[in-house]
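Colleague: Protein chains in written order, with the working numbering: chain F, 1 to 332; chain L, 333 to 1002; chain D, 1003 to 1157.
Take these hints with a grain of salt, some might be off.
[Stated by the list, open to error] Below are the EDC-like pairs computed for lysine to aspartate or glutamate, each with C-alpha atoms no more than 16 Å apart in a straight line:
| no. | chain 1 | residue 1 | chain 2 | residue 2 |
| --- | --- | --- | --- | --- |
| 1 | L | K846 | D | D1076 |
| 2 | L | K842 | D | E1081 |
| 3 | D | K1094 | F | D305 |
[To be verified] Pairwise CB distance ranges, derived in the manner of DEER restraints:
| no. | chain 1 | residue 1 | chain 2 | residue 2 | range |
| --- | --- | --- | --- | --- | --- |
| 4 | L | N732 | F | I114 | 58 to 64 Å |
| 5 | F | K211 | L | P625 | 32 to 38 Å |
| 6 | L | N673 | F | A218 | 29 to 35 Å |
| 7 | L | G908 | D | P1074 | 39 to 45 Å |
The set of hints was computed from the structure by calculation and includes no laboratory data. All C-beta atoms, glycine included, are put in the ideal place defined by N, C-alpha and C.
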Amino acid sequence: MSKNQKPKFAMYWAASCGGCDIAVLNIHEKILDVDANFDVVFWPVAMDAKYKDVEAMPDKSILLTLFNGGIRNDENEHIAKLLRKKSQILVAFGSCACEGCIPALANLSPADEIVGTAFHTISTENPEGIHPHVSWKAPEGDIHIPTIYPVLKTLEQVVDVDYFMPGCPPESHQIGTVIDLVIQVLQGKAQLPPKGATIGVGNSTVCDECKRTRNVKAIKEFNRIQLIHADPELCLLEQGIPCNGPATRSGCDSRCPTAGAQCIGCYGPAEGVIDYGARLISAFASVIDSTDPQEIDRILDGIPDPAGQFYRFSMGGSLLRAAKPAWKNNGG
Amino acid sequence: MSEKIGVYVCHCGTNIAGIVNVEEVSQWAGSRLKDRGVVIARDYKFMCSSLGQELIEKDIKELGLTRVVVAACSPHLHERTFRTACERAGLNPYLCELVSIREHVSWVHTDKIAATAKAEAVLSGGVERVIHNEPLEPLKVPIHPDSLVVGGGIAGIQAALELADGGNHVYLVEREPSIGGHMAQFDKTFPTLDCSACILTPRMVQVGNHPNITLLTWSEVTKVDGYVGNFEVSLKKKARYVNTELCTGCGICVEKCPKKVVDDIFEVGMAKRKVVYMPFPQAVPNFPVIDAPNCTFFQKGTCKACEKFCPTNAIDFNQKDEDITVKVGNIVLATGYDLFNPQRIPQYGYGRLENIYTSLEFERLCNASGPTGGNIVLKDGVTPPKTVGIVHCVGSRDQNYNGYCSAICCMQSIKFAHLVHERTGADIYNFYIDIRTPGKSYEEFYQRVLDEGTHFVRGKVAEVTDVARSPEEEGKLIIQVEDTLIGKQRRIPVDMVILSAGLEPRHDAKEIGKLFGIACSADGWYIERHPKLDPIATMTEGVYIAGCVQGPKDIPATVAQGAAAAARIQGKIQQGEITLEPIRASINEDQCSGCRICNDLCPFNAILFHEDLAVSEINAALCQGCGTCVAACPAGAISGTGFSNEQVLAQIEGLLLRNIEKIESNKVPV
Amino acid sequence: MNNNETFEPVIIGFTCNWCSYRAADTAGTARVKYAPNIRLIRLMCSGRLDPTFVLKALANGADAVLITGCHPGDCHYVEQNYKALRRFHLLKRVLTQMGIEPGRLKLVWASAAEGAILAAEFDKFINEVRALGPLNWPLQEQKTFSTPTLAEVAA
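Please put together the full structure from these sequences, using the hints given.
Modeller: Put into structure tokens, the structure is as follows:
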């Protein structure tokens, strides 16, 4: 296929770590299938391109855009809306775009506090007290940098999203599966899933793929994994280690519990769940083995940061989305 | 695709309309909720009347309504009324919701504007909720015609006989070697002074002989599986060490047994029995049992006198406990009560001072087959008392022990006064807080005993002591009490004290309840389905309670409950199948990961785990619809009909009027 | 939003079918009066209380949430209110981290006969929340899908 006839592909990173892009590159030889079947027109991490190139493209000319990263500033939002305009299929790729992921944990603090921490802590060498400004008159001319929003938003909170592919990052074998599917669709051999579907995932939660033995749960205390000798064959939650596996979408092949670590929830909620953290709050609390309020509190002290434990990857997509101090005014 | 919702706002005369502007609410719904699917909104004086119901039925038929919301009184009153009306008109009854704007709005608020606004919000919540209602069909399960009665006291006996006489097979399980319960221990029953054994034993014999009753004494229930209509009950038939096929009940083994131990159960510690024994002469079944922990053969390997002398070779030291499983459709729990232990009230001297008896102990004293042959005598076994004090409310009506009234102690204490009077001519004092004689002929009995000269002192006994303060008190038990009717402290020396100890649930009632999936209230009695209108059913379909397990009561009430339980069961058996409310949970097998977090959350044991498939499953017939597992499932794999997530979340949106904002502003519900 | 002088809280109350909902009915039958700020939802059991419901209410305009159920030991479904108790404890910790005052989530037990007591608890909680002031959780904007320029967005 000549370059002009191949369907166009784009990938963009907003507020992210780069891991999603690496995960795509990590599909090894399959990247050749991508090259063979697509014309990559915009992928900042992998090739040189300018925003004005994208602005010049006709609407809906990009067949598939994988958008990773959360919407933290106005540049992120602008490009999200731009790519939405220019793309037929927009995929919220990776946990940041789907649920907010780690950047959304910053929603627990007001934006000025975050910036303040970066620029003015005791360990920061900043004798002149320099602080970022949105616009600045430099000798060379006026400089503008993006404005940080009070609260990080997920992709679907700013644009209409076609598909969601969670994970931090999405597992390379899942990415491979999705790419295969898209190629099959291009060849008329398969149907796209219904709009709004979560793809590259299993039907259930991590426990479905976890090989550990599971019994009835009755938790008398919560432990940090390094403080006990965890039985490698037994369910981590039963041993008091707060494993988020029961609430986390399957598809990663239970990587972390298999390796001896508790699931921290990067694949986000199960199908139909509107607030991921609430599921864990409910489930964990339900199986605590005590009816005495004082003992319950003592057991709960074993999870000293419940918001972090239960919303590590999904704060942005939760019902409350951010802590009250982070919201500026009433408008969000 | 929008539903067609009919909204009906009831005036309830002035009950609602007096505070809530019902016309305004109705108009508001018709206009502001039109985009949510409301096609008709009416207000009417009395929605529950036949004319009111006809309004709904007509609209369903003519407007093709797919949902109905009535804003009126509490669903506990008329939800069924309106749902039935919908059903008549061809709409699935579960597509109808009743929201309360009376008990929760007009009757409790005074500000008319605020009440009207709240009524609109409540109605809005109902409308949003009903959109997500689904048509449901009640569940039908078949009924096994056999029944299980647990407890062979008068309640269990009555239930078993009624069921058996009705042509149904019954298993009657009793923990002790004989049926009879506490009633077999009594001497006379109030107010008729019938000899307890005389009225009880014919029933016991009937039970023993009845072709439809399988009597399993010296047996206990160990496990209950299944659900209404289809229970599988595991029983342990303890070893009697007597072959009942060969035993003739001649009693020679009992005669020849050389060892005696204190009889803690039937004689309440007042007398001894042999190690191989029959609990009382009229025991049914008429077979003895060997008390193995106290038996010389079992402890040391010697004796075997019973075996030597048994003319039919019925003693079998090798007998083992037997595990039996039975299938039944319904269960009656009639396991009776325990007596409050007065040792918990140290100032009453029970267990420390002599000649102080509990009610049950005194019954044995009075009983002709008891330790003193029916003679009311002091501990020396010979001397009759010259003065007797009878204390009411021991451990009852007392915030330190049990707050409730034990229902029978007043009559029982009055009965004791009569018996003491009749047999000893002693001077009798009854110490009471109130005299409770509500039953038929009870008050007259009290009058009779008053006429006999018994002294009734209104005051809670402070202390029973043997410390004398004056020569008349030497060697006596002194009852210290405030006589509240004269406002004076009194010290009354007596020879004997009878403590009318209160009734308590059996010490293992909670564990037994868990076996059957029923709960105890804070006082420990089993919880009935409705304290006024359904005292013999429980929240668990197919499990009924009768007698004192439900709370203290006298024999007529106990018998009535046993009969009621039997009647209820016979009605179900007759229908062949039972209909269950379709409010229950189910697990989406594909979404379930087998994490097992739900497994231990169900007190009705409705959740099973399939090891092979690594998924959990809910037995719909066992599920009581509480929704706890629905809320707990971390994968969101459990859904509950009638109170689904979608319904509740929508109701929240509606209550907060976010549905209006969705239409009228650009702010969406989260 | 109302200014603080005329602020009247809106509270969502979850009740259980067998005890606390009936207690609210009993309050009504006895004509016990309380403030109109609380709007009740009927669940079959307090054990049905999903933390999602509480979060939904707070994120959509409620100033506070009241959870009610049968007294411990009296639960119609044996022991499900204990699950509600434990979820309440954990949820409260999370809400505190989210900057929501712990006084905005409360748990009250009431039996079916305790209408007057429940009504008093309603009034007490309404007063407590009135003193805390409005929660003012930002209600979410309708999504708009036009594409502003970078300059427009930065303004």
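Colleague: For every hint, state whether the structure bears it out.
Modeller: Cross-check of the supplied hints:
The suggested pairing of K846 (chain L) with D1076 (chain D) holds, with an alpha-carbon distance near 14 Å, which does not exceed 16 Å. Among the hinted pairs, K842 (chain L) with E1081 (chain D) is consistent with the structure: their alpha-carbon atoms are about 12 Å apart, no more than 16 Å. For the hint linking K1094 (chain D) to D305 (chain F), the alpha-carbon distance of about 12 Å falls within 16 Å, and the restraint holds. For the pair N732 (chain L) and I114 (chain F), the supplied restraint of 58 to 64 Å holds, since their beta-carbon distance comes to about 60 Å.
A hinted range of 32 to 38 Å for the beta carbons of K211 (chain F) and P625 (chain L) is inconsistent with their spacing of about 49 Å. Evaluation of the 29 to 35 Å hint for N673 (chain L) and A218 (chain F) yields a pass: the beta carbon distance comes to about 33 Å. At roughly 40 Å, the beta-carbon separation of G908 (chain L) and P1074 (chain D) lies within the given 39 to 45 Å, and the hint holds.
Violated hints amount to a single one, hint 5; each of the other numbered hints is respected by the structure.
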